[in-house]
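Asks: Given next are the chains, with one letter for each unit.
Protein chains: 2
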Amino acid sequence: MARPQIDPDVVREELFQAAEDIIDVRGAITINMSELAAACGMSQSNVYRYFPTKEAFYEAMAGRWFAPFIAAMEEVVSSDLPVREKLFQFFARRLMLKRQRFEVNSQLFQTYLEIGDEHWEVIRGYIDLADHYMATIIGEAMNEGYFAGLELDDALSLVNLMVQPFVNPRMMIDMERTATDANLALVIDAIFDGLMRKKPASANGETRLRVAS
Amino acid sequence: MARPQIDPDVVREELFQAAEDIIDVRGAITINMSELAAACGMSQSNVYRYFPTKEAFYEAMAGRWFAPFIAAMEEVVSSDLPVREKLFQFFARRLMLKRQRFEVNSQLFQTYLEIGDEHWEVIRGYIDLADHYMATIIGEAMNEGYFAGLELDDALSLVNLMVQPFVNPRMMIDMERTATDANLALVIDAIFDGLMRKKPASANGETRLRVAS
Chain Y
1 MARPQIDPDV VREELFQAAE DIIDVRGAIT INMSELAAAC GMSQSNVYRY FPTKEAFYEA
61 MAGRWFAPFI AAMEEVVSSD LPVREKLFQF FARRLMLKRQ RFEVNSQLFQ TYLEIGDEHW
121 EVIRGYIDLA DHYMATIIGE AMNEGYFAGL ELDDALSLVN LMVQPFVNPR MMIDMERTAT
181 DANLALVIDA IFDGLMRKKP ASANGETRLR VAS
Chain H
1 MARPQIDPDV VREELFQAAE DIIDVRGAIT INMSELAAAC GMSQSNVYRY FPTKEAFYEA
61 MAGRWFAPFI AAMEEVVSSD LPVREKLFQF FARRLMLKRQ RFEVNSQLFQ TYLEIGDEHW
121 EVIRGYIDLA DHYMATIIGE AMNEGYFAGL ELDDALSLVN LMVQPFVNPR MMIDMERTAT
181 DANLALVIDA IFDGLMRKKP ASANGETRLR VAS
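Residue numbers (the numbering used here), protein chains in the order written: chain Y, 1 to 213; chain H, 1 to 213.
Worth flagging that the hints you see were computed from the coordinates, not collected in a lab.
A portion of the hints provided could be inaccurate.
Residues of chain H placed beyond 12 angstroms of chain Y at every Cβ, according to the derived structure [to be verified]:
hint: 1; residue: 10
hint: 2; residue: 18
hint: 3; residue: 54
hint: 4; residue: 103
hint: 5; residue: 108
hint: 6; residue: 129
hint: 7; residue: 160
hint: 8; residue: 178
hint: 9; residue: 192
DSBU-like mimics (lysine-lysine), calculated; alpha carbons at most 35 angstroms apart, straight line [unchecked claim]:
hint: 10; chain 1: Y; residue 1: 198; chain 2: H; residue 2: 98
hint: 11; chain 1: Y; residue 1: 54; chain 2: Y; residue 2: 98
hint: 12; chain 1: Y; residue 1: 86; chain 2: Y; residue 2: 98
hint: 13; chain 1: Y; residue 1: 86; chain 2: H; residue 2: 86
hint: 14; chain 1: Y; residue 1: 198; chain 2: H; residue 2: 54
hint: 15; chain 1: Y; residue 1: 98; chain 2: H; residue 2: 54
hint: 16; chain 1: Y; residue 1: 198; chain 2: Y; residue 2: 54
Since the model is a prediction, treat every value here as computed from it, not as a measurement.
Beta carbons: idealized from backbone N, C-alpha and C, even for Gly.
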């Protein structure tokens with residue numbers, strides 16, 4: 001009997017689900033492709049038609065993990081929101097997505113983080129993409145006169161430093177009680193209202209910080 | 001021959017050094033008190049005269065680790081520095097101490113962090129103490145009119161969120177390139193100039209962030 005026509009996306013999703021079931025039980029182990037094939041009742045050669053290498057499988061799993069984050073970032077960046085709201089939503093929407101996943105299955109969430117640590121070269125591209133989107137929003141804010149006296153790269157670094165507990169998934173877990181939407185809003189406001197390279201103290205009479213370097 | 005009079009602090013330091021040598025080589029293992037005694041050419045019963053339990057030894061080691069941090073915090077809190085500079089120094093001096101230790105022996109530094117994770121009940125007290133000192137400075141700033149509209153606890157949480165990469169030793173390592181003194185100064189300025197609970201939008205015409213909660 002001829003094998004029925006199968007939607008490749010359905011097969012891929014079946015393999016992803018099987019992989020999640022395996023790591024959910026056994027932790028951040030290297031996934032064995034033959035075991036994965038067996039879990040889906042497929043031959044190993046059939047699995048390799050979908051994912052020619054184990055690396056290709058990991059990359060596809062990362063892509064599946066990050067897809068909603070990329071969609072959220074693209075939607076926010078291309079929106080007509082005021083720039084302050086845009087930066088808030090840029091972080092808030094991803095924070096919400098991470099929290100939801102953590103709440104659904106905190107152990108699987110942590111296992112994903114460990115797998116990410118082990119395949120950093122795959123994750124790196126997604127972090128660079130997020131930085132690119134963030135640079136777009138920060139650039140927009142600078143055009144409106146925010147972050148006076150700072151270079152784009154410096155403004156990016158500083159915003160990144162100040163929002164870590166809302167971005168870094170491990171910090172988000174550790175600081176669960178305070179890394180809230182409401183506090184994120186206050187932090188974003190502090191960034192917009194307070195982040196600028198100061199004029200010399202003599203110019204405005206303000207107490208400036210001395211940095212011994 | 002009568003045993004010569006020995007300074008107990010010298011013996012304790014010798015035991016601490018021996019323990020550091022052991023964990024530096026073997027990682028965050030549970031320290032074996034008889035091995036420690038042997039490393040110092042002491043009898044185990046003699047070691048127990050200094051540290052009656054293994055827990056007492058760990059607590060004393062934590063005390064030794066944190067002593068310079070506490071001294072720095074106390075000095076800053078009791079200083080006559082302007083409050084903004086005070087908050088900066090509160091973080092900057094500890095950041096410098098951590099960086100120095102990390103540079104002297106990064107592996108031992110990381111091992112200390114792991115030991116801290118395993119003896120969290122010992123570390124907790126030091127974190128509470130740091131929070132107490134920080135509350136003193138934040139309270140002082142509030143008396144000067146900063147952080148308008150925020151409760152002390154909320155201001156504390158928010159400052160804590162915004163300075164994590166300068167405080168959390170693991171973040172400090174991960175963000176080594178940007179968690180600098182100069183950036184800390186800009187973050188502290190942003191905190192002082194920008195952190196406040198906003199008046200309703202209608203009152204000042206500003207775009208306020210909407211938080212869906």
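Asks: Does each hint fit the structure? Answer for all of them.
Replies: Verification of the supplied hints:
no.: 1; hint: 10; result: holds (34 angstroms)
no.: 2; hint: 18; result: holds (33 angstroms)
no.: 3; hint: 54; result: holds (27 angstroms)
no.: 4; hint: 103; result: holds (16 angstroms)
no.: 5; hint: 108; result: holds (22 angstroms)
no.: 6; hint: 129; result: holds (19 angstroms)
no.: 7; hint: 160; result: violated (7 angstroms)
no.: 8; hint: 178; result: violated (4 angstroms)
no.: 9; hint: 192; result: violated (7 angstroms)
no.: 10; hint: Y:198 with H:98; result: holds (27 angstroms)
no.: 11; hint: Y:54 with Y:98; result: holds (26 angstroms)
no.: 12; hint: Y:86 with Y:98; result: holds (18 angstroms)
no.: 13; hint: Y:86 with H:86; result: holds (33 angstroms)
no.: 14; hint: Y:198 with H:54; result: violated (51 angstroms)
no.: 15; hint: Y:98 with H:54; result: violated (40 angstroms)
no.: 16; hint: Y:198 with Y:54; result: violated (51 angstroms)
When the structure is compared with the earlier hints, violations turn up for hints 7, 8, 9, 14, 15, 16 and for no others.
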